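Novice: Chain by chain, the residues:
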Amino acid sequence: MSNPLLTEAAAVYLRRRGYVTLHITVALAMALAAVVFWPPHSYLHFFRTGTQPLVLQATLVVQVLLVTCVSLVAGLDRIADDSIVRHSEWLERTALPVAVIARGKVCAAVIHTAFLTLLGLPAVVVAAGPAGTPSTPVFAGQIIVFLSGLAGRTAGMIVAHFGERNYVVRITGGWIYLALLFIATITVYPPLNPIAAVATAPAATGFEPMLESAVALAGLTLLLMIAYRVSLSRHRRSAGRQAHDA
Amino acid sequence: MRRSGAVGFWLTVVIVPLFAQHALHVEASIGFGGFFRIGSWTPVSVSVTSLGSDVSGLLSLQMERGERLGATRHRVVYERPIEVARGDTKAYSFIVPLETSIHPLTVTVTDRDEVAHTERLDLRGRPVSGRLVLVLTRRPSLDFLLPLYNTREERGLELLYSLPEHLPDRWHGYDAADLVVLHDGRLHDLTAPQIAAMRDWIASGGRLVVSGGPHFGMRESGAIVPLGNFAVSAITAAAVGETGFGDLGVSVPEEERGAVTMSSAFAEHGSRIARIPVGRGEIVLLPFDYAQLAGIAPRTSTAMWDALLDGLPADRRIATEMHGRVFESDLLANQLALPIYRFPSRIVVLAFLGFWVLGLAAILAWAAGERHPGRRRLVFPAVAALLALVTAGGHIALTRRMQPVAALALGIERAELAGYGGYAMVTRETALFSRRSAEYSIGYAGSPVIIPMAERAHHVRRQEHAEAQIVTVDRWGHETNVALQVMPFPLRWSVRSGPGYAEIVLTNATRHDISHVVLLRSGVPERLGDLGPGSIVEHLSVERTDAGFAAVLWEDFVADDALRANRARLVGDIARRQRFEGGAAADLIVVGWTDRPLLAASLDAGFRTTVDLHIVTIPIHLEQEQ
Chain A
0 MSNPLLTEAA AVYLRRRGYV TLHITVALAM ALAAVVFWPP HSYLHFFRTG
50 TQPLVLQATL VVQVLLVTCV SLVAGLDRIA DDSIVRHSEW LERTALPVAV
100 IARGKVCAAV IHTAFLTLLG LPAVVVAAGP AGTPSTPVFA GQIIVFLSGL
150 AGRTAGMIVA HFGERNYVVR ITGGWIYLAL LFIATITVYP PLNPIAAVAT
200 APAATGFEPM LESAVALAGL TLLLMIAYRV SLSRHRRSAG RQAHDA
Chain B
-6 MRRSGAVGFW LTVVIVPLFA QHALHVEASI GFGGFFRIGS WTPVSVSVTS
44 LGSDVSGLLS LQMERGERLG ATRHRVVYER PIEVARGDTK AYSFIVPLET
94 SIHPLTVTVT DRDEVAHTER LDLRGRPVSG RLVLVLTRRP SLDFLLPLYN
144 TREERGLELL YSLPEHLPDR WHGYDAADLV VLHDGRLHDL TAPQIAAMRD
194 WIASGGRLVV SGGPHFGMRE SGAIVPLGNF AVSAITAAAV GETGFGDLGV
244 SVPEEERGAV TMSSAFAEHG SRIARIPVGR GEIVLLPFDY AQLAGIAPRT
294 STAMWDALLD GLPADRRIAT EMHGRVFESD LLANQLALPI YRFPSRIVVL
344 AFLGFWVLGL AAILAWAAGE RHPGRRRLVF PAVAALLALV TAGGHIALTR
394 RMQPVAALAL GIERAELAGY GGYAMVTRET ALFSRRSAEY SIGYAGSPVI
444 IPMAERAHHV RRQEHAEAQI VTVDRWGHET NVALQVMPFP LRWSVRSGPG
494 YAEIVLTNAT RHDISHVVLL RSGVPERLGD LGPGSIVEHL SVERTDAGFA
544 AVLWEDFVAD DALRANRARL VGDIARRQRF EGGAAADLIV VGWTDRPLLA
594 ASLDAGFRTT VDLHIVTIPI HLEQEQ
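For the record, the sequence lines run as chains A and B.
Residues in the first sequence are numbered from 0 upward in steps of one, following my numbering.
Residues in the second sequence are numbered from -6 upward in steps of one, following my numbering.
Extracted from the complex, chain A is given alone in its bound form:
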């Protein structure tokens, strides 16, 4: 693991008590969601009433909320923050190129978000049984969850970066992002709403109903990553100028 940021992330995510507890909590919450929303009636009830078991829908919604929020919080460096080297320290006190810093942060974000998503996979697979949903839309739902988590993670990293210099951004940035993603998108651009996207998974037979959402979330993530990379570069340039001026 030659990238120091990846080494740092591995140490933090695997060794720090806060993250260990968080990972177990996510897996436990997903398991509880599947159990709580497990259909209390037999098959016949659903045939007679023309209704459907909501267990998969509920489990996916819980998963997308959990993964997005946890990713955002992780991106904000709120958990085990005493063990994490800040952006300003990487950019101002090391000679690491910005590309290496950005690559390390993004790789860590991708791996950790995938890990968070996989923590809920057993619960989702179990929940797909009563829902009668084929595996393709179930895994399409997992892609949505992952992309939503990755976008949240990237947004968190941006907020954390700016928040190091601006207290208001640091406190409110995460909430604003969540409000924009989960509430504002309902009216502005519904395909970008991850809850709406995963809610269609149980009734789907393929990937198609979630394709537009996946593309939208992937686009959003890409934009956020570019913005993050640009913000890091600008930070490095301004730090260089200040050092030069000093």
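For the record, the hints were derived by calculation from the structure and aren't laboratory data.
Certain hints may be false.
Chain A regions said to be covered by chain B (calculated; three or more residues, Cβ under 8 Å) [to be verified]:
hint : segment
1    : 14 to 20
2    : 23 to 36
3    : 116 to 128
Just a few of them, taken from the derived set where beta-carbon distance is under 10 Å, the chain A residues facing chain B [unchecked claim]:
hint : residue
4    : Asn2
5    : Ala9
6    : Ala10
7    : His40
8    : Tyr42
9    : Pro52
10   : Gly239
11   : Gln241
Please read these numbers as outputs of a predicted model, since none were measured by experiment.
In this text, a Cβ means the ideal position worked out from N, Cα and C, and glycines have one as well.
Chain B: place on chain A using the hints.
Specialist: For chain B alone, kept in the frame of chain A given last:
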């Protein structure tokens, strides 16, 4: 001149056929001479003439149903493969359930996957509301009835003088007709399928009037042999008063009793009016020419047509939709009362996912305490292995093994004998259950059947001798598909009853084994045993008053194993509730099981589980004698 001839030659031989590749002449007509009845199955005939190249493709008839602007509006497409050689004309027929005249029908001819012709058939303006009588005659011989039934404001009777070639060749094509009359038309031009269709329509509850007289000879009687033996032995002069009008409930006025008609003396029925029951319907054989009767005994003639038109069964019309008559969920409950079809309990799910969480916690705790970075990296394969184990195990154990298959079909087929003529009305209802959204195909091979349209049926495909319906079932949805057919099923019965007893004799002249035959009397079952082909069962049923007998468990009484018991219980429940008959309760009901389906359905490969029940019922009213 030579140049213009060459141009003409090239135009004719090369250019025109090139552009006229899809040159088609399509003529479509609906109903009988353009008349049809809303709410009835209506024949639509389409003739296709190819003026260009050979046509090989699909003829489709699209019908819209539901309200014009409502959410219930949907389309049903009937399809038939067509092959028309260049310069040839071929006629194709559809029989469709017309529910409204708001939406036009659309006829489309597709040639090699290209739309070659589209035509819309406007239905407005010609629906029939009164009686519809179909007459096969050479002259307008029943026109004298029109002023009697029709006023300026209201038409109570429509007469359609049809040519033999325009009559339907499938029994439900006659659905709109109240009465079919065979007079002096070209009966020998009727084809075997047309006669069979007419016979089946009568057996389903229709009424046919055959008019004898001087015009009715050996050729005519020979042409309609499948309908019965109407061989004429002589032509005689008969007085109207002695022709048997009493059997029709018609009294002949004194002044007309002595009028003489030229009557056919039928070998089997003599020269009197005969009512020949066929299944649920009847053939009324008039030995005289009704057109002559109208001239010599007008009051008797009018009264006779009143009786023939007014005594029609009110519920004969074939339904265009049938739903829920087999109580799908009851059937499902009955057939699937097995633990395997219940969801795994919450505790099992909790234990399973708990194993995952505890395993994960153990791995993560170990990794957190491990100081060696190389060993710590083992956390990834360890978590991946546990994840794979739990995910695959969950899928196999909780989904594949403990939950039902994706789609299952439960068929209940009921052959109901109406008592007379050895015909049965066979209704097959197939309840489709699906856990995934998909289109399923249900095919019926053999003689034509009616497939009343289910809400979600989009296509009906007709091949030469098979018909298939494409039904969409939503995830966790269920849909009932119905097929209907009239067929000869000579399971005969006779009953002799008195105060407190009924003596019943059943004769199985079919080629089917009919097992576990039960007689139901006021809901109390009496076992009649098995009826092999050709066997006869005699049973004396004495009315029982002890309440304890009625409390006998149906399944213990009827059957000896659990599966049969489940099925028997279902039928017993339905029969005892008298909803099985959908109408007036019979005094006695005979219920039995056939060894194989009468109206077999072929289901597509999407159904991995199918359960079929084949039941024969005979509702018996004690005042009837066979």
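Novice: Tell me, which hint numbers fail for this structure?
Specialist: Going through the list in order, the structure violates hints 4, 10, 11 and respects the others.
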